[in-house]
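*Asks:* Chain residues, written in single-letter form:
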Amino acid sequence: MKPLLEVSHLSTDFHTSAGKVRVVENVSFTLAAGQTLGIVGESGSGKSVTSLSVMRLLPKKRAVVQGSIKLHGTELSTLKDKELRKVRGNKIAMIFQEPMTALNPVFKIGNQLQEAIIQHTGKRGKQARELAIQLLKDVGISAAQQMMLSYPHQLSGGMRQRVMIAMAMSCDPEVLIADEPTTALDVTIQAQILDLMKELQRKRGTAIVLITHDLGVVAEMCDKVAVMYAGQIVEEADVKTLFQSPKHPYTKGLLQSHPQLSDDQQRLFSIAGQVPTPAHYGDGCRFASRCSSRMDICDKIPPAVTSFGDSQHSRCHLYGGEAHVSAHTGS
Amino acid sequence: MLRYTLRRLLVMIPSLLGIVVVTFILTRVLPGDPALMITGEQALPEFVEQVRKEYGFDQPLIVQFGSYMKQLVQGDFGYAWHTGHAVLDDLATRFPATVELTLASMAIALLVALPIGVLAASRKDSMLDHTARVLSLIGSSVPIFWLGLLMISLFYASLGWLPAPIGRISGGIHPPTHTTGLYVVDSLLSWDMTALKNSIAHLIMPALCLSMGTMAVVMRMIRTSMLDVTEQDYMRTARAKGLSERKIVFKHGLVNAFIPALTMIGLQFGSLLGGAVITETIFAWPGVGNYVTESILAADYAPIQAMTLISAVLYGLINLAVELIYGVLDPRVRYE
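Protein chains in written order, with our numbering: chain A, 1 to 331; chain B, 1 to 336.
Don't read these hints as lab results, they were simulated from the structure.
One should not assume that every hint holds.
To give an idea of the chain B side of the interface with chain A (calculated C-beta under 10 Å), a few residues [claimed, not checked]: (1) Arg7; (2) Thr177; (3) His178; (4) Met235; (5) Arg236; (6) Ala238; (7) Lys241; (8) Gly242; (9) Ser244; (10) Lys251.
Restraint-style ranges between C-beta atoms, simulated for each label pair [claimed, not checked]: (11) A:Glu220 to B:Asp125: 41 to 47 Å; (12) A:Val21 to B:Thr5: 50 to 56 Å; (13) A:Gln146 to B:Gly327: 16 to 22 Å; (14) A:Ala33 to B:Arg133: 49 to 55 Å; (15) A:Leu268 to B:Met127: 53 to 59 Å; (16) B:Asp125 to A:Gly125: 37 to 43 Å; (17) A:Leu57 to B:Gly18: 32 to 38 Å; (18) A:Gly282 to B:Met264: 49 to 55 Å; (19) B:Gly18 to A:Thr188: 25 to 31 Å; (20) A:Leu84 to B:Asp125: 23 to 29 Å; (21) B:Leu317 to A:Gly205: 56 to 62 Å; (22) B:Ala321 to A:Leu268: 54 to 60 Å; (23) B:Leu317 to A:Ser77: 55 to 61 Å.
SDA-like mimics (lysine to any residue), calculated; alpha carbons at most 20 Å apart, straight line [said to hold, decoys possible]: (24) A:Lys61 to A:Lys80; (25) B:Lys251 to A:Leu149; (26) A:Lys61 to B:Leu119.
On a predicted model such as this, the values are computed, not experimentally measured, just so you know.
The beta-carbon is built from N, C-alpha and C at its ideal position, and this holds for glycine as well.
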């Protein structure tokens, strides 16, 4: 299948008071139309920065993004701001983690919803209004007319996230990047929002990049999964393979720390330690200090990517060894 | 909102009463014998005594206060003997001058401060930002009397671009037909181009001079709150929608950044309406600031009391207006 979105060798550096820090390193993934890619990882693993880098939404002064981002083969990373604006919100849309703060408190929902429509579709006035009302109905808001005149603070978190989704879907985007869309919501609302996203995807064929730390959400929603750790993708696989035969010790740890009803275990498994900050990544594998399968080589040499068939790739020394490392360090 | 407004107006009454009492006492404590000021130093003692009786200055303070209050509740602000008119008549000619000057200086201040404050924030630490900050420092620290004189010597004396800084309109030109009392507005209404040009030329310097302080403060506030707003999630949402940078900054940013600056603008507005004494003096502007200064120098009680009370009322009303505007700008604020 020809990829719709193709991200290759994406690296993001932040300028900090301590100098340049690489927050995301050499991230590559592809996404076909209608597919859902999950990006999973702990807080601080670089998931959100990856998504913001793809949209080029990081402040230019603070962040430098390298690498290639192609949509339908068109390179986005070299586009001028004006050209990029035609893509944002139109071909690639985004929803965020915090529906409580992602809407502007001083403008009505209708106003904010129509902005993107007016910007990208050329529809104005009554047409734009009707489309906005239709979008609100599509995301399951029955009192759409009334909703148009409401302000964000009058809505619940779930309602706001529905509005955000309506806003993101307003120009029928090819790719929807959802950055932890359900994290801030109640569990029952979470399920509703995920169902809504699935339904919209089925109807419109939107490809979704779903960023989450919740493996349950991944299992339910995704076709492919990329596991991120300390700014790198450490394992990539289709969803079944990942859950059935995870290769990277970090992925294994993540899966074990997910509670299961059938479990007799008393205590939930957790990976000891925390994600290191970019200044403490060290020379070898970034997961080495927390890894239960750690070897001597892990502290010294960064592991290369090993492939298991076409769809599974893992960045770990367990499957490569010395020869493998030297063969792959150039790539 | 109507109930809230009414309640706020009612709450103003006790504080206004307090102001009336304090002003009354303060004017009486001031040195200077009003009877002597009226008659002149050389007057015969019998005549001074007669004037004192006539104006009631010989009565005990409490009696004087009683008759002052009686006048006040009837809407009579008394008589300004140093001009020979009723205070209300004096104010009717002088207040529009102050209003015109205030509005003009406020307009200049906001027109400059808002865009520059926003741009300075969106290009933080750029040359423009540094320049704006230095300008705002200068604006808030430069003495008005010095700036005023400098402007006069440059634009009137040296370059001759502007007319002599005396009053609101040149002597040879008829003021426009009276409608609002604001010369610029009136001359526009009556389409009197000569008066319009001339009154604008007279207004520019004092308005610029007076705008400096407000401009500096508002610019700083807008810059700071804009920096704050830039970090907000909804700004990122706006960007993700593909809106233009101008729309993001001036629509999504400025409205939110303007809310905290509003209080400051309201206070500034209120204090300007009370009369800008220094500016009005330098430019011989016939406004209330000048009027009050003259009244104080002449120990003329009635106009001092009247202006203090009116200033207080205006201040209260403007603050109330600011609060109501808050409710309009920020839908989260609702008054019950």
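*Asks:* All hints are to be evaluated individually against the structure, with a verdict given for each.
*Replies:* Right, here's what the structure says about each hint:
1. Arg7: Result: violated, 24 Å to nearest chain A Cβ.
2. Thr177: Status violated, d = 42 Å.
3. His178: Violated, because the Cβ-Cβ distance from histidine 178 of chain B to chain A comes to roughly 40 Å (cut-off 10 Å).
4. Met235: With a minimum Cβ separation of about 8 Å from chain A (threshold 10 Å), the hint on methionine 235 of chain B holds.
5. Arg236: holds (6 Å)
6. Ala238: Interface hint status for alanine 238 of chain B: holds (7 Å vs cutoff 10 Å).
7. Lys241: holds (4 Å)
8. Gly242: holds (4 Å)
9. Ser244: Holds: closest Cβ of chain A sits about 7 Å from serine 244 of chain B, inside 10 Å.
10. Lys251: Cβ of lysine 251 of chain B sits 8 Å from chain A, so the hint holds.
11. A:Glu220 to B:Asp125: 41 to 47 Å: holds (46 Å)
12. A:Val21 to B:Thr5: 50 to 56 Å: holds (54 Å)
13. A:Gln146 to B:Gly327: 16 to 22 Å: holds (21 Å)
14. A:Ala33 to B:Arg133: 49 to 55 Å: holds (51 Å)
15. A:Leu268 to B:Met127: 53 to 59 Å: holds (56 Å)
16. B:Asp125 to A:Gly125: 37 to 43 Å: holds (41 Å)
17. A:Leu57 to B:Gly18: 32 to 38 Å: Violated, since leucine 57 of chain A and glycine 18 of chain B (Cβ atoms, about 55 Å apart) do not stay within the stated range.
18. A:Gly282 to B:Met264: 49 to 55 Å: Taking Cβ atoms as reference, glycine 282 of chain A and methionine 264 of chain B lie about 51 Å apart, which means the hint holds.
19. B:Gly18 to A:Thr188: 25 to 31 Å: Cβ of glycine 18 of chain B to Cβ of threonine 188 of chain A: about 57 Å, so the range 25 to 31 Å is violated.
20. A:Leu84 to B:Asp125: 23 to 29 Å: The hint (23 to 29 Å, Cβ to Cβ) holds, given that leucine 84 of chain A and aspartate 125 of chain B are roughly 24 Å apart.
21. B:Leu317 to A:Gly205: 56 to 62 Å: holds (59 Å)
22. B:Ala321 to A:Leu268: 54 to 60 Å: holds (58 Å)
23. B:Leu317 to A:Ser77: 55 to 61 Å: 56 Å Cβ-Cβ, so the 55 to 61 Å window holds.
24. A:Lys61 to A:Lys80: The hint holds at about 16 Å.
25. B:Lys251 to A:Leu149: holds (18 Å)
26. A:Lys61 to B:Leu119: holds (16 Å)
Checked against the numbered hints given earlier, this structure breaks hints 1, 2, 3, 17 and 19; the rest are met.
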